[in-house]
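Each chain, letter by letter, is given below.
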Amino acid sequence: MKDMSEGYVTEDGRKIGGVVMEMKNITLRFGGVVAIQDISFDIREGEIRAIIGPNGAGKSSMLNVISGFYVPSEGEVWYKGEKRPPMRPYQVAQQGIARTFQNIALFEGMSVLDNVMTGRLTQMKSSIFSQALWKGRAEAEEVANREVAEKVIDFLEIQHIRKTPVGRLPYGLKKRVELARALAAEPTILLLDEPMAGMNVEEKEDMCRFILDVNDEFGTTIALIEHDMGVVMDLSDRVVVMDYGKKIGDGSPDEVRNNKEVIDAYLGVAHD
Amino acid sequence: MAQTQSGAQGLLSLPALLHRNATQYATAPAYREKEFGIWQSWTWAETAQEIEALALGLINLGVNEGDFIAIIGRNRPYLYWSMVAAQMVGAVPVPLYQDAVAEEMAYVLGHCGARFVIAGDQEQVDKVIEVQDQLHQFEHLIYLDPRGLRKYDHSHLHEYSHVQNQGRAAHDEYINELNARREKLDYDDTCVMLYTSGTTGKPKGVVLSNRNVIETSRNSAEFDHLTRGEDILSYLPMAWVGDFIFSVGQAYWCGFCVNCPESADTMMTDLREIGPTYFFAPPRVFETQLTNVMIRMEDAGKLKKAMFHHFMAHARKVGPKILDGKPVGLWDRLKYALGMGLVYGPLKDTLGFSRVRVGYTAGEAIGPEIFDFYRSLGINLKQLYGQTEATVFITAHPDGEVRADTVGVPSPGVELKIGENGEVFYRSPGVFVEYYKNPESTASTKDAEGWVATGDAGFIEEDTGHLRIIDRAKDVGKMADGSLFAPKYVENKLKFYPNILEAVVFGNGRDECTAFINIDLSAVGNWAERNNIGYASYQELARHPKVMEMIQGHVEEVNRSVAEDPMLAGCQVHRFVVLHKELDADDGEMTRTRKVRRRIVEEKYHDIITALYDGSKEVSTVTEVTYEDGRKGSIRATLEIRDAKVMPVQHAMAAE
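Protein chains in written order, with the numbering used here: chain A, 459 to 730; chain B, 50 to 705.
If you're looking for bench data, these hints aren't it; they were derived computationally from the structure. Hints should not be assumed to be uniformly reliable.
To be verified - For the chain B half of the interface with chain A, some residues (derived, Cβ under 10 Å), not all of them: (1) E311; (2) T315; (3) M317.
Values in this document were obtained by computation on a predicted structure and should not be read as measured data. Just so it is clear, CB atoms sit at the ideal spot from N, CA and C, and this is done for glycine as well.
Let the hints inform the model, and build the full structure from the sequences given.
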């Protein structure tokens, strides 16, 4: 593998910076079940990092460790050069890590705009009382937050559904709204849990374009889990491959594609 | 105002009109665009500054007088400014259809030899870059929305705002040059070049002079008493002559405000927020709106439904009369006023038509029921007949004389005559200068005296002076027995049914007429849902026996109505087929303005046409389709052919 201590330049000319998040020897157990076993990898500034693996490999668990939903049984999470103590998910969010969910978790009864605005909640400093009275700081904050929300809405081309309740939207658009909510938080790292699951080809193409544009336009670091191999290989700069909770490969899409262990995990070999 | 007066005022070009507006109406809004959820606006004074900065930037980039600058994108103030900035520096703006594929663009860009292109976003930039190797004169590309373009090679690529900034920075250096060019602009200089959508063959570049545009804008504005207080919504393609006249010509002449929607998908919401006073739409938009209203009424509560139907029936009876200022009884007036409060007013508000003073529809014939629906609500919807070569206006309905079956009287300054074959000819100050680099076509369209052939067959009603259009002159043919064949006439009757999106009638030189029919997915889909008919695809719905039956009913009704006119009774549809796919511009079956390309359809589906005439019960066919991204695929289908009942033709009368 290339020496990458100072970052690297991708094939399409993007400059990838230093390590922004590092997972060191992470192990996660649920009682006797070992979901993740001694996994280490890093995520660099500005890169699109994919985590792949067969069903039950522990990908979502890994994402949940990054987002603070699970606290690892062993190992350390290093973020921006500092070791991260055990944290609540909202504290992780405040640190600049936003995520979307595999099975969409939006407020169905609220409008798209309101959903996107909830992405700004971590940035709000005014008290609940001043917000209720709509005075002073609350008003200025709301205006600033709305501006960010509107930029995201414009960016993801969902202006036409701004006022539509999320519950009335088709699946593909809901996924986009969820991405919008995550983006509204202006995250340093964006975690996407199967962003293309259940989409048709056209929706997938749109989503790919949005992911690339987000990375390109805002320089957001993106970590994603995805099943569609074509998508993963096209989108990502580096790929971590997991199987049965263990890391079996890590590197550029080409390296991973030619890795024997990875091929075995996907095509299946007899376990003896 | 006399013909020469605008000349005497020195208003010989759009930049001159801009200067007048910026001085006289400095603080009035000139443009609005919804962005980031808010209507952003620019006054005439600000507009003049923006345009000047861009014009200086264009000189800085090396634009020469006489250069062509292509403009591609959705309706945005910045792109309208580009057109005027181009004129200011002595160049010719050429707006292009933004949904054109790269090859179509390559032809137009190559034909006019555009040195500069101003594009809206990445999608348009990509198309130009794709074909730039075929273009010898092309040099610089300016883009508006930087999204996704960061990594592109910027040696010939410039961001719009940067060009403006460079223009501002170089103000002192170039302002004299700009003023000199601006003052040189003459009444007979080219104002704009618009490519016709090309129902047949390659698009032709129609050259319109300042005289054409300004005279036409003035005449038409006076005809409809347009003021600088109007608000219009600009959402129709910028490459279309109508948009150029409404959003640029008339807007600059009158000094009214042009509003641009946030995106194509938000048009209906934006329409409602702006509430235009002067509105223009092809029949399709009115049809869609009416269909949506009807669908929503189906789902409304009993009381609302009853009120709606009761008052709409009353409106149909007296609404148009009240609108035309004809005598109506007091009781009917009172009831209409009550209906206005309870039904018509709220409905107009929902549609975004509360403030419409003048509404126009053109491009295609509109269904009389649709037309009457809007007029009965008190919306002054009128018909217009025009074409690019006439700078839009040939005829229009004057207020108070509106009828669905005519296209109105000649617009001010327009003379009409009917040729021997029934073709309509016109002459007006709006008649185009020439087709660019195509003297043969110019000569065959416009004669030495300035009469222009419309290509449409029609006649002038003697008692009212209204023009009635029957069909395209070249489509009007003869059946085998010598009787008149006017396919468009029948197609329009078919298309007036909400369930039928498109129809193509064949029969020239044959014994009987047959038809292709496209169902309207939203209308038929809704009907299917209400009648518990399941379907998985357009194709499946299109060949459902119940749908076939419904369409057959429509065809037979049309036959009855066609048979009433002895001249056209031969055009009754004997056999028809419901097509398995929508006719589509991407497949070349229609123009970008959604007119059917008859010859191409005939060639492409010759197997189905053969089956329509050889008496078979069904036909299997494979059709090639083009997806939006240019890839090709094919659809296989077996289509049922149905016979429709026809009324007996009174041959005795026709033969006389």
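Now the hints, each set against the structure:
1. E311: With a minimum Cβ separation of about 5 Å from chain A (threshold 10 Å), the hint on B:E311 holds.
2. T315: holds, 5 Å
3. M317: For B:M317, the interface hint holds, since the closest Cβ of chain A sits about 9 Å away, which is under 10 Å.
No hint from the list above goes unmet by this structure.
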